[in-house]
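Undergrad: When you number the sequence shown by UniProt numbering, it's gap-free, plus one each residue, and the end is 174.
Please keep in mind that the hints were generated in silico from the structure rather than gathered at the bench.
The structure presented is a predicted model; accordingly, all values stated were derived computationally and were not measured.
Possibly wrong hints are sitting among the right ones.
Below, in silico cross-link-like pairs of lysine-lysine (BS3-like), each with a Cα-Cα straight-line distance of 27 Å or less [unchecked claim]: (1) Lys167 x Lys153; (2) Lys145 x Lys130; (3) Lys28 x Lys81; (4) Lys54 x Lys40; (5) Lys124 x Lys153; (6) Lys3 x Lys127; (7) Lys28 x Lys3; (8) Lys77 x Lys54; (9) Lys28 x Lys77; (10) Lys153 x Lys130; (11) Lys167 x Lys124.
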Amino acid sequence: MAKFAQVIECLKNGGTAQRIAWDVTGNKEIMMQIPQRIAKDIVPKMTSVQDIVKPKISTVGSGEIEYHHQVLIIEFKDDEKTPARATYYIPTWEDIMADDWRLTQTADSYIARMVNEREELNDKAEKLNKFFSSTIFNGLPDNKKVLMERQYKLMTEYVEVLDERIKLENTAQG
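Based on the sequences and whatever the hints tell you, model everything.
TA: Okay, here's the thing in C-alpha cells:
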C-alpha cells in the first residue's frame, strides 16, 4: 500500500491510483491529464468548452488554451451500457492521510510498479517482525526461527534496494 506522497509521484509518472476503500462504491481510479496546449484553430471545435467562452479565448493572448496538473477521478461501471464517468478530483483529508492507496501504471510507468512492490514487501516484513514477539514464534524450533529471521533480513535488504532504485529513477526523471 502507498501513502499520498507516493500517489503524487505515481501520477506525475503517468500512472494511476485508487484507494482500497473505494472498492465498496465501484471501480474508481485517479489520473493526471497529460498537459496540453490547444491551438487557436482547434478551440472553436472543442466540445468540452462552452460556446460562450470560445470567442474570449480566441481573442486573448495567443488565442490558445493550455491546461496542466488536472487530476480526474474516473468511475468505471462494467454493465456494457454505462460510459466511464470522469470528473475533477480534489483529495479529502481522509484521502491524504490514508495508507490504503494502490498504485497502478501505464506500460512505461515502471516506477509505480516498483513503489507498489516496495510497499507490499515492506508490509509483509513488518508483519513478520511483529510475529517474532509472539508466543507462536517463541514455540517454534530453533531451525525454523533462524530461517524466518534470515527471511526477514533478506526482505528488509530488498526493500532498501528498491528504495535506492526508486530514488535513482525519480532523480533521473526530475
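Undergrad: Next step is simple, just say for each hint if it's right about the structure.
TA: Tested hints:
Distance hint between Lys167 and Lys153 is fulfilled; the C-alpha atoms sit about 21 Å from each other, no more than 27 Å. A threshold of 27 Å between alpha carbons decides the hint, and for Lys145 with Lys130 the separation of about 13 Å falls inside it, so the pair holds. Proximity of Lys28 to Lys81 is assessed by CA-CA distance (about 17 Å); at most 27 Å being required, the pair is judged to hold. A hinted pair counts as satisfied when its Cα atoms are at most 27 Å apart, and Lys54 with Lys40 qualifies at roughly 10 Å.
Of the pairs offered as hints, the one joining Lys124 and Lys153 holds, with about 12 Å between alpha carbons and a cut-off of 27 Å not exceeded. Straight-line distance between C-alpha atoms of Lys3 and Lys127 comes to about 18 Å, which keeps the hinted pair within the 27 Å bound. Of the supplied pair hints, the one linking Lys28 and Lys3 holds, its CA atoms being roughly 17 Å apart against a limit of 27 Å. For the suggested pair Lys77 and Lys54, the alpha carbons sit about 33 Å apart, so the restraint of at most 27 Å is broken.
In summary, the hint linking Lys28 to Lys77 is supported, as the alpha carbons are separated by about 9 Å, within the 27 Å threshold. Pair hint Lys153 plus Lys130 holds up; C-alpha atoms about 14 Å apart against a cutoff of 27 Å. About 21 Å separates the Cα atoms of Lys167 and Lys124, which keeps this hinted pair within 27 Å; it holds.
Taken one by one, the earlier hints fail for this structure only at number 8.
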